[in-house]
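Asks: With the sequences and hints as input, model every part of the structure.
Quick mapping for you: the protein sequence lines, in order, are chains A and B.
Under numbering that gives the first Met the number 0, the first residue of the first sequence is numbered 0, with each subsequent residue one higher.
Under numbering that gives the first Met the number 0, the first residue of the second sequence is numbered 0, with each subsequent residue one higher.
Simulated from the structure, these hints should not be mistaken for lab results.
Where is the CB? At the ideal position from N, CA and C, for every residue including glycine.
Check before you lean on any hint, since a few could be wrong.
[Stated by the list, open to error] Take a look, some chain A residues computed to stay more than 10 Å from chain B by CB distance: (1) T56; (2) A61; (3) A199; (4) E212; (5) E290.
[Unchecked claim] As a list, the in silico DSSO-like pairs of lysine-lysine whose alpha-carbon atoms are at most 27 Å apart: (6) B/K307 x B/K335; (7) A/K256 x B/K335; (8) B/K67 x B/K19; (9) B/K422 x A/K123; (10) B/K422 x A/K346; (11) B/K307 x A/K128.
Next come the chains, spelled out residue by residue.
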Amino acid sequence: MATTTESTPAAGAKPFDIVATYNELLRSDPDLTMPIAAIEALVLLLTHSPSSTISETLDLLAQSTAHLKKAIPNPIGLSAGTDLFQRYLITTLQRPGQLGPAGDFKAIRTHLLSNGRLFIRRAKESREKIVAFGRGFIRDGCTVLTNGGSRAVASLLQKAADEEGGPSAVRFRVIYVLSSISKNIEEPSGEPEGMETVRALRAKGVPVSTIPESAVAYALGKADMVIVGAEGVVENGGIVSRMGTYQIGLLAKAIGKPFYCVAESHKFVRLYPLGQYDLPIEQHVIDFKSEEDITEQNEQPVDTSADRPIELPLCDSVDFTPPHLISALITDSGVLTPSAVSEELIKIWF
Amino acid sequence: MPSTSLALTPGLSSFLKSLKSNPIDTSIENLISLLKRRQICHSRASATATAYLLRSVVSLCRTSESSKLIERVQSVGRRLMAAQPREMVVGNIVRRVLGLIRDEAEDDREAEFALSESESQPQTPRAFDDASLPLDRDSLALGSERSTRPPLTSMFSLLSHPEPEASLPSTPGSQSPGGHNNFTKDLRAEVLEGINEIIDELGQVDEQISNYALEHIHSNEIILTHTSSTTVQKFLLRAATKRKFTVIHAESYPNNHEVTHATVSGNRGDDDDLLSFESFQKPLIAHGITVILIPDSAVFALMSRVNKVILGTHSVLANGGLVAAAGTRVIARAAKVHQTPVVVVSGVYKLSPVYPFDFDSLIEYGDASKVLPYEDGDLVEQIDVQNPLYDYVPAELVDLYITNLGGHAPSYLYRIVSDHYRKEDISF
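Replies: What follows is the structure in structure tokens.
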């Protein structure tokens, strides 16, 4: 998953900087997903703010969320978290009972603040749940094709590899599609995303083959299934994921291999993209240039004004895989068909 | 049919007869061996036998606690499912009974809490410990919410109160003492009533499905079907009372062709105890319907003329795929090539919450001598003869499912699954 570790401009003279907190959280814990980091940042924000009324708090949340979304180049993942948090507050406040409108607002605040760690623990546990649901997919003798650096996929594969009963209880093989674009900008020759998982799997005795993106169609014939991760799962059941996932999905459909997506249910996000270019992010993957443009660009100094939308670096670019290419979503609430996603979302929004 | 002869051939009716007289453990063993020996092998026969057995199990289980009852049903269910893992309806019925018990237990608990809450409003401490009181309140709020709208488990579980387990009925022992016994008796009675409803549903399911027939079969259409499924036959017969159409019937050699021939001609053998209920029925030809019997190999050739394919099934899976008699996939594929709509008729009881991880493991292999009789001994020694009984048909080859609840798109089946089975029972 994209963890934008670049330092972002400090948010004015605010005593509490939500953007810095968010980035710091992501940096400090490599296992943290973007939605959870966002929730965590918002909880910390509540800790630092003296607000005591409901509307004041909701207002503060809305402002900070907007600010955070603007400051991060790819807000799809984190918006799932902020939306979830906001909806949670509203439903809890509306519900009759101790934490409801009749009760003390302080109670809900204390509850949220005292349980910050718990949310993260649960979020990580949801990965365990996914592993439990997804275990059945990986069987003896099968070959799995995967890509990207999804932690959910990595934990699923690793768990399958070290089931009880000695090294590699399930005898499966992995074809790992490695991106040609390095994850690290400072070090262009650095290793691609996913190498860590490859090493971990190999250490567990799982035969792993790494292939470039151009070899996917060639390699799919040898694979039994495709398992990918996701940054966000959108309303129609499609997924927003690392660039290259869409083409793997298309190829898997064409060759007739099942295409599974592993995602925690807190990554479900209320978006309805109609196509690749309908995502609420700025990414210049396709950049038309003539010779003239290039010389012009070289002459001009780089524009660093703050109001310019932040572009997503090429290595973090994402694409959208439409639902008809996805056989099933393996989530912590079970194995779902893409059409079940909207229902899960309806449950929290309405 | 004389009842003595029925008792001699082991099967559904003999099992149901023996259920009353035999002790429960013998009956369980009996059903396990019947399932293992495939003497009960139709979906509905298995479902009916399971439902009746569980009814006896519940009525004989002299316990006052829902958790004990659940445990008992689970242990019996596990043994039945292990006896014939591919007969998924057995698991479905067990899960529904478990769901029934859980629902009833929760209703009772809720009612009781509501009572104790209203009583205890003025003076706070009561039979509960002080510390457990807020927890119970939370579980009450969650419980009442669950009954009114879909459970808010999924994503909110991340943020909700510290102990989500508190909302589950995990500790029935800690209930308040008052009024304990009378409602647990009610619990068992209500569960039995629920099981009776399931049994009724199993009996009526074909009738209910056939009510949709006139919406789907129109005059002068050519319908293709396969196997001797009684659900499909009733569906077609209902349409035949009002409309004239043509049925092309693929014979499904080698496992089902004799029964299919009997279905078409109308003189069904009464050796099969399941079909004996239906043997009084008039065949389609008696209603003036043109029925064309074809070998399975001719399906593709005729598909271009067919308006609609109507198929029966063995079981339906949560992803919308289905396990049906061998040859079904070929028909569904041929229909796809010709853009012919494929309609699958199936009772909800066949809908299984199991996700098909491994398609090959769902396929059952039958008697190879039906393909190559043992009289051809020389050949049998030299070649490997296989007779798969079922096919896995992926969801994208099916256009519509008609169940006793109505018509559904394959992608909607997950919803019916979540309506019928509790999440905690899916893998037990």
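Asks: Hint by hint, where does the structure go against what was stated? Just the numbers, ascending.
Replies: Failing hint: just 11.
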